[in-house]
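Quick note: to get our numbering, add 22 to the position in the sequence shown (first position is 1).
Just so you know, these hints were derived from the structure itself, not from any lab. Among the hints, a few may not be true.
[Unchecked claim] Subject to a maximum C-alpha distance of 30 Å in a straight line, what follows is the list of computed DSSO-like cross-link-like pairs (lysine-lysine):
id	residue 1	residue 2
1	K350	K222
2	K276	K186
3	K199	K272
4	K140	K86
5	K188	K272
6	K86	K159
7	K140	K276
8	K240	K279
9	K199	K182
[Said to hold, decoys possible] Ranges of calculated distance between the beta carbons of each label pair, as one might list FRET restraints:
id	residue 1	residue 2	range
10	D79	L200	32 to 42 Å
11	K252	S76	46 to 56 Å
12	A245	E124	34 to 44 Å
13	F360	K252	54 to 64 Å
14	P352	S253	20 to 30 Å
15	L168	T332	43 to 53 Å
16	K276	D79	38 to 48 Å
17	S310	K176	48 to 58 Å
Virtual Cβ for every residue (Gly too), placed ideally from N, Cα, C.
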Amino acid sequence: HTRPGPMRATRIDVVVNLWFLLLLTASPSASSSSSTSVLSKEEAFPLVKEQGESIADVYYHIAKQMSKEENGAQGQTLGWLYLLAALEFSPSNSTLLEPVIESYVRSGDVALALAHTKAALSAVVHAEKTGGKFDKKGGTLAQGYLTSIQRNPKAKHLFKDSPKFKAATEGHIPAPKLTLPFSTVIARWDLYDAYTGIDKDVSGDLYGSIIRAYNIFKSGVSAAAANGAKSSDDTQLNHDFYDWQMQPLKATGKYWKGFEDLPIFHRLLRIFRSAAARFLVSCGLSQSDAELKARSRTVVWASVHTGASTHGPHNTEDSMVGGVFYVKVPPQSGSLVFSDP
Numbered sequence: 023h024t025r026p027g028p029m030r031a032t033r034i035d036v037v038v039n040l041w042f043l044l045l046l047t048a049s050p051s052a053s054s055s056s057s058t059s060v061l062s063k064e065e066a067f068p069l070v071k072e073q074g075e076s077i078a079d080v081y082y083h084i085a086k087q088m089s090k091e092e093n094g095a096q097g098q099t100l101g102w103l104y105l106l107a108a109l110e111f112s113p114s115n116s117t118l119l120e121p122v123i124e125s126y127v128r129s130g131d132v133a134l135a136l137a138h139t140k141a142a143l144s145a146v147v148h149a150e151k152t153g154g155k156f157d158k159k160g161g162t163l164a165q166g167y168l169t170s171i172q173r174n175p176k177a178k179h180l181f182k183d184s185p186k187f188k189a190a191t192e193g194h195i196p197a198p199k200l201t202l203p204f205s206t207v208i209a210r211w212d213l214y215d216a217y218t219g220i221d222k223d224v225s226g227d228l229y230g231s232i233i234r235a236y237n238i239f240k241s242g243v244s245a246a247a248a249n250g251a252k253s254s255d256d257t258q259l260n261h262d263f264y265d266w267q268m269q270p271l272k273a274t275g276k277y278w279k280g281f282e283d284l285p286i287f288h289r290l291l292r293i294f295r296s297a298a299a300r301f302l303v304s305c306g307l308s309q310s311d312a313e314l315k316a317r318s319r320t321v322v323w324a325s326v327h328t329g330a331s332t333h334g335p336h337n338t339e340d341s342m343v344g345g346v347f348y349v350k351v352p353p354q355s356g357s358l359v360f361s362d363p
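Turn these sequences into a full structure, and let the hints guide you.
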């Protein structure tokens, strides 16, 4: 997707938005609501029971080939996605399950580790009931991971009996407006209609904090330019601003202090997770699975466009859900453009 096109600005008339990504990969499972009824994977694809292991083997072979060092970062990313696809066809396969969960545990994304753990245990239970095949070692492995996650203080918000579970989201969010221009569903909300009074905090505290951060960042750029560093155009400045925001997040796990100190910033994080859960249910995930995955590691950053800057076409292969919230959009700004993935 791209954002935005050229625009004219003679003062601080800037497009300011917050992007967010939920770093996860998932497949639909059975769910139902007042407007949607979704078949389980077993009902929709009966051959998976007989052919799932064979398909998983094929994907696992591709994953190993793509993950070789000579294929670079892009190849390794694709290899990871093929590994996840293999695990979807064989959820209790210990060869597939262990590296996936260990990777999520190392990265601190306990929500996804728990999601795959539950999927493995569910596959074992289903196989036992129907006389299907399953990896006993994978079942034992998943049970061990579940016990470990239950004891992890950082995972309290993932279990419904914990007060932290509700605190991770904003609660009820209205149904989105959905469109299906191609195979990917696009959802849209007007948060100002959904949450009364939020517009004042967004246009005041949040906008001011983003501009302050951008000016701090630009002062560093100006200092570097004075020492002979190459100057950047408006588009490159926005890219560099993203890198600047990621520095404290990568170093400490927290955002820039100006954002961390804002109640509206944390409220928006909760709203983004609620929106992600509602979106995933619309895509066919069960309510419980969607709520768990919406509590996955979420990365948020601000984007500031001035002059004729653009946000070029790009993919976010390592994420299940991505979104953008517009803080301020002056007249004659460019449009948000989605293209067929």
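Query raised in the report: Do the Cβ positions of F360 and K252 conform to the proposed distance bound of 54 to 64 Å?
Result: violated (33 Å)
Query - Hinted pair K350 and K222, Cα distance within 30 Å - result: holds (12 Å)
Report task. Take the C-alpha atoms of K199 and K182, compute the straight-line distance between them, and say whether it is at most 30 Å. Result -> holds (28 Å)
**Report entry** Range hint compliance [Cβ, L168 to T332, 43 to 53 Å]
**Finding:** holds (46 Å)
**Report entry** Satisfaction of hint between K186 and K276, Cα-Cα up to 30 Å
**Finding:** Status holds; Cα separation ~18 Å.
Query raised in the report: Holds or violated: are the alpha carbons of K86 and K159 at most 30 Å from each other?
Result: Roughly 21 Å between the alpha carbons, so the hint for K86 and K159 holds.
Query - Restraint check for K240 with K279, where alpha carbons must lie at most 30 Å apart - result: holds (17 Å)
Query raised in the report: Within 20 to 30 Å or not, the Cβ separation of P352 and S253?
Result: holds (25 Å)
Query raised in the report: Should the hint that A245 and E124 are 34 to 44 Å apart at their CB atoms be regarded as holding?
Result: holds (42 Å)
Query raised in the report: Taking 30 Å as the top limit, are the C-alpha atoms of K199 and K272 close enough?
Result: violated (34 Å)
Query raised in the report: Hey, K140 versus K86, does the alpha-carbon distance stay inside 30 Å?
Result: holds (25 Å)
**Report entry** Range hint 38 to 48 Å (beta carbons of K276 and D79) holds or violated
**Finding:** holds (42 Å)
Hint violations for this structure: numbers 3, 13 and 17, all remaining hints satisfied.
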